[in-house]
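Number of protein chains: 2
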Amino acid sequence: MGRWQPDATGRLQQAALELYAERGYEQTTVAEISERAGLTERTFFRHFADKREVLFRGSEELQQLIVDAVDGAPASATPIEAIAVGLQAAGAIFDPDRRPHSLTRQSVIDANPGLQERELIKLARLAAALADALRRRGVQDPAAGLTAETGIAVFRVAFEHWLRHDSDQHFEDSVREAIAELRTVAAS
Amino acid sequence: MGRWQPDATGRLQQAALELYAERGYEQTTVAEISERAGLTERTFFRHFADKREVLFRGSEELQQLIVDAVDGAPASATPIEAIAVGLQAAGAIFDPDRRPHSLTRQSVIDANPGLQERELIKLARLAAALADALRRRGVQDPAAGLTAETGIAVFRVAFEHWLRHDSDQHFEDSVREAIAELRTVAAS
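As they're listed, the protein sequences go chains A and B.
My numbering numbers the first residue of the first sequence as 67 and each following residue consecutively.
My numbering numbers the first residue of the second sequence as 67 and each following residue consecutively.
These aren't lab readings, by the way, just hints derived from the structure by calculation.
Honestly, I wouldn't trust all of these hints.
A pair counts as met if it fits within one copy or between any two copies, since identical chains are not told apart.
[Said to hold, decoys possible] Derived lysine to any residue pairs resembling SDA-like cross-links, with alpha carbons at most 25 Å apart:
#	residue 1	residue 2
1	117	180
2	188	102
3	188	218
4	117	144
5	117	187
6	188	173
7	117	165
8	188	178
9	188	92
10	188	108
11	188	105
12	117	133
13	117	135
14	117	243
15	188	98
16	117	205
17	117	239
18	188	243
19	117	235
20	117	139
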């Protein structure tokens, strides 16, 4: 692994994303990604299991970040407030500088049904983890499951809003706005 | 096709579900399903494309039923009320007599990651169709998308509740209760 790892990972991710966007995900080979990054295939496979993992690396960390924040939310927080605290913590990953990367990644995923399925699975896992986190806070079912699933709805809308926004929208604000919208929607 | 079609479809579905529950979905062959139903493989393939379709036949009709009901909801209904009207229409399919079938089907799906993915895709499609239905009612984004995704959360919780309930719980009531729960959750 050694001293080149962080740089190699970043170069491979950048190269992969460029190629997926230019040629399509299916059409891109690991050989081409490695070549564009100026590295060998052998190096690629030291960093990623396959070309799909380049897109989904970080999913576990994202989930852990959100769940840890739910666990750490004040005891006085209601279930939906605890979920909001959790989702806002994702702002540490989705910062404005990351938007171009996230936009390209999303366009690649939107163009490929297999990758879309993978995203759905990721969100279903996050929903299950959020429900467990709420149960640890003493929230009972069906409120735990419903609040977690509703949290995923909020996350999707907030992420989409953050992604499409022109300026330096902060992900935390997108979450706050989506929660406010949820309150309006549910109350009506 | 001819006069035997409805009966053959039902016999094949029943035989497939029994075998999936007994032996596992992966381990069951079309030959075994056909044999248990007292029919030929050729007949199976006149009714179903493959053994997975036995479990997902009806998804399109379910979606259409729900979307039509949203379209037909009173103009005065708020977005979430229109979604509730739509989801309650699914009670025409999820009647108490169907519970044993639905329970077996769910246990088969819960035991198989590939089938779970298929269910996720089905619900993602339903979410997109509900958002479109709301937009046809003049609901703008992000409210349309958020209400549709929230509707899926309500659907999942209502379906799970209906499925696990001991008595003659009506699906319509499960939806009503899940919507009430959503209001509590979102308001807090």
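Enumerated hints in conflict with the structure, sorted upward: 2, 4, 10, 11, 12, 13, 14, 15, 16, 17, 19 and 20
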